[in-house]
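Novice: Here is how the chains run, residue by residue.
There are 2 protein chains.
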Amino acid sequence: MKFTAMLTKRYKDTPADCQIASHIFMIRGGYMKNVGNGIYSLFPITKRITSKIESIMREEMDRIDGQEVLFPVVMPAGIWRESGRYDSIANELVRFKDRSGNDMVLGMTHEEAAVQLARETADSYQQFPFMIYQIQTKFRDEPRARGGLIRVREFTMKDAYSFHTSKEDLERYYAICHKAYERIFARCGVPEVISVKSDSGMMGGKVAHEFMLCTPVGEDSLVVCKDCDFRANMETAECVYENLNTGEGELKKVATPEMKTIEDVCAYLNSDTKYSIKAVVYQQETDDAYVVAFIRGDLEINEVKLRNYLKSEIYPAQELEKAGLTAGFIGPKGISKDIKVVYDVSLKTCDNYVCGANEANCHYTGLSIRRDIGDVEYVDIGKAIEGGICPICGKKTLSLTRGIEVGNIFQLGDKYTASMGMKYIDKDGTLKTPIMGCYGIGVGRLAASVCEAHHDEYGPIWPMTIAPWQVQLCALRSDNESVKALADDLYERLQAAGIEVLYDDRQISAGVMFSDADLTGIPLRVVVSPKGIANGTVEISKRDKSYMEKIETDKAFDSIKQLVKSMLDEINNI
Amino acid sequence: MKFTAMLTKRYKDTPADCQIASHIFMIRGGYMKNVGNGIYSLFPITKRITSKIESIMREEMDRIDGQEVLFPVVMPAGIWRESGRYDSIANELVRFKDRSGNDMVLGMTHEEAAVQLARETADSYQQFPFMIYQIQTKFRDEPRARGGLIRVREFTMKDAYSFHTSKEDLERYYAICHKAYERIFARCGVPEVISVKSDSGMMGGKVAHEFMLCTPVGEDSLVVCKDCDFRANMETAECVYENLNTGEGELKKVATPEMKTIEDVCAYLNSDTKYSIKAVVYQQETDDAYVVAFIRGDLEINEVKLRNYLKSEIYPAQELEKAGLTAGFIGPKGISKDIKVVYDVSLKTCDNYVCGANEANCHYTGLSIRRDIGDVEYVDIGKAIEGGICPICGKKTLSLTRGIEVGNIFQLGDKYTASMGMKYIDKDGTLKTPIMGCYGIGVGRLAASVCEAHHDEYGPIWPMTIAPWQVQLCALRSDNESVKALADDLYERLQAAGIEVLYDDRQISAGVMFSDADLTGIPLRVVVSPKGIANGTVEISKRDKSYMEKIETDKAFDSIKQLVKSMLDEINNI
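Heads up: the protein sequence lines correspond to chains U and F, in order. Each residue of the first sequence is one higher than the last, beginning at -13 in the working numbering. Each residue of the second sequence is one higher than the last, beginning at -13 in the working numbering.
Treat each hint with caution, since some may be false.
Since copy identity is lost for identical chains, a pair holds within one copy or between any two.
Unchecked claim - Here are the simulated lysine to aspartate or glutamate pairs, EDC-like style, with alpha carbons at most 16 Å apart:
id, residue 1, residue 2
1, K(-2), E106
2, K418, E106
3, K212, E178
4, K(-12), D48
5, K238, D366
Because the hints were derived from the structure by calculation, they are not lab data. Since the model is a prediction, treat every value here as computed from it, not as a measurement.
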């Protein structure tokens, strides 16, 4: 395509609301147009990228025996009522009435539609397992759309649903799909994407993984072992602690006037916070009951773990006095029996704690939970820390990082099949409920994430496999007859050879042409110029600056072809 | 793919609400699942068909320099308010509020989004013309979804929008797009689709064509000349009439007691209805004013034409007496001057009419409009008739038929660009408003229409270019080792050769296998059977029954390959 024919416009300035690289470059480079909050139209350059990503997804889904289907964007509320999600999901789910007054929803995910399609069709064990997938528009009325294509309300998603007659078969296929996801990310040029265990949230089910592209601008906190392959989302990362081997001390009540934080108290007592017990008070959403979470003073409560343990949403407690709690001086010893108490596993590591005495201006020193409180249940409700102990290899090699979630996979179990009454006849003639896995990747978010991973200060550096075009042909001084003749000839021969070329023959300065090319991010650049022609060469360079050569004019075509092939192979052969 | 692995189920009985072939076979053959009124999920077999149709569309759109984009399904009301359609379209347009209370719509078409994308980008005459297109989900809250995929509420559409700086350039490109549409339909196996001039309806603009597949089950009435290439939608088909050359008669008032229809009156007077004037009374929606439409007694009023002439919606008149009209006896002579009167062009053909006398139980005979009424404006408001005169070739060769609209193209003019303030700087430095064309094809409706055009009593006969698979391989008695070995070998070799094979190796009766194959509609069938093996042959046949041969086993692979190729070429080389 000629650059002049491409519908796009580039901007010099960065819009005020753009904070991350992909958002900045995709707005400045004319990749997309904001239509409404979290809603974009995609220009041709982006559609070319997303179409290539979709093709890779299709190939990898077909390779693991996926069958492509299409579910509707608009669904009647009925099937969402069957699964219970019509009522359980808040206003991320768009609900409206059609012209006849029927309740309708916009699909934000398609488990219900998948079960509805499968339950009438797959009624014998012989038809299992199978996987169906679609690439389709979804709408989630996100409260905080942000970061361009990273967090939007409307998006194209590849979502897949597998159906199985046993947990073992689901686990077998889940592993296969995990590998397919690794191939998808590698083929899209981000082999560095890692998978981490995650909380399955509103999707239900137990085992789930998120695929994360590690980047400081990511929304998710990750815990990664530097030494082994342990990786987890902060929300669910298991914590283990080394024993502090303090031995017991003598229990004493000490005056700690006006010291309301455990840090103040420990400083006053000249003690490290890790030899103290911190109390954090919540209330449960289900019944407003107070819950005191005790954790070692140097650690923080992980509210996702606590919520999962309590099986209730929680919120910061109000009016502690009403519950008989003395704010700032709460401790395990002498706390009202009516209050629910949770001990973090970190409290097993020491036998000699500083802690609140449940009385204003007083703390204990020398508290041993075992001796002074008795047998308690220890629960893992803490946040993993930098340099913490890896629960797999046991070394102090945990590292905290941030990531963008570019995909996720879930072992759903029977959450949807049971609630929606899907049954099959098993070998023995009995009716059974199949179990499901589901597997999603957002197309636009993946494109933006690739840009986050691969850019420099001037623009994106698209991997050859998903680049909008493979070669950017720049004719400097296309008013020069020799330049135009050579560039035109290369353009035609490369296209005839099946190579995608964006041909810039505008009569503009080299500076503007190259900065436009930087924003377009095409991985291979070919420059035809009067100076090059005088020397009998064209200049070929990679957008990532790892390569630049002046190639003899008559070898240029073969060199370009070879470079495109090797750059494709380099990614695909990972 | 193996038949057993395909997610689908076939049904013996035709559901009660299925009336047309495509609906019947696509439900019975497990092509789709009804999710709600006019909303379907597509099974893998259908997605394979629609994906092929989409690929053909993409190729043809790219070939005429189209650039693929993606507009959102959900749009803020703002841009629809700019064009005026937020208020002018009734409840086919789904409106809802998002979580922040903003008015949103579901895209039922994307002119607004196209102008919004283009208006910031294309601001110089040098950037024109260009065409952008997408293949995307649309939702129209149709009052009468029916006929399976023929008339739905949610559908996938290929919609394209071209932008031009002159009417001549729009007309030039419109003709190019018309040809691309002909290629799309031909490549999808329905070269018989015709284009007819149409009323542009809510799309605005003046010149428009509908692409129609002629079939008795179509919703649209068409007027087609048997002798030349005149084709029009009944809604807009121009009518011409031959002069009846009656000469003038003497104006007489005659008693016609209790005769309320023009047919009764003419029978009583022993006159042909074509020598009479029929009156049909409407009221305008804009102001409820009464309108009397006069037309020759043998013809019918075309309400679309009348509405367009009046520039108002119309409805059958109520309470004629209130307006001073004598129901059953209304005629041109003596009618109240306060009533709006419209004369059809058919009334120019005779000078000696029977007509109402605007007085109970009385008609005139011998009325001459020229002599007795004076100069009147004649307007074309009649319906074309079978055997009527072709407005192009002048012969009495008009034929009425029915058709399914499978695509449409519109010269929109500046309706959207002007209302939405799109401007470009012309050569002379002045700001001008570009003009647009738009071009749509519904993917699912086209698939169903192909089935309407190509089926027999047993199922669809998919054209090779869009068939879900190219070859159906039936292994009769796959428990027979020789059968299985030969069928397996063919399956693998054909797939390796890039041929799409659906392989049925179920151990079922030949009858069930063949009737399933009929419903699957794959154009080429290969049967491996014990009997064939004994004779050293496999049986190859076309689904449309035009070919059946027993081919020597060792020549089967080459024959199949050759047949697939020739069946593809047959369609593509039209």
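Novice: If a hint holds in the structure, say so; if it does not, say that too.
Specialist: Hints versus structure:
no. : hint         : verdict
1   : K(-2) x E106 : between (56 Å within a copy, 15 Å between copies)
2   : K418 x E106  : within (14 Å within a copy, 58 Å between copies)
3   : K212 x E178  : within (14 Å within a copy, 66 Å between copies)
4   : K(-12) x D48 : between (34 Å within a copy, 14 Å between copies)
5   : K238 x D366  : neither (28 Å within a copy, 106 Å between copies)
When the structure is compared with the earlier hints, a violation turns up for hint 5 alone.
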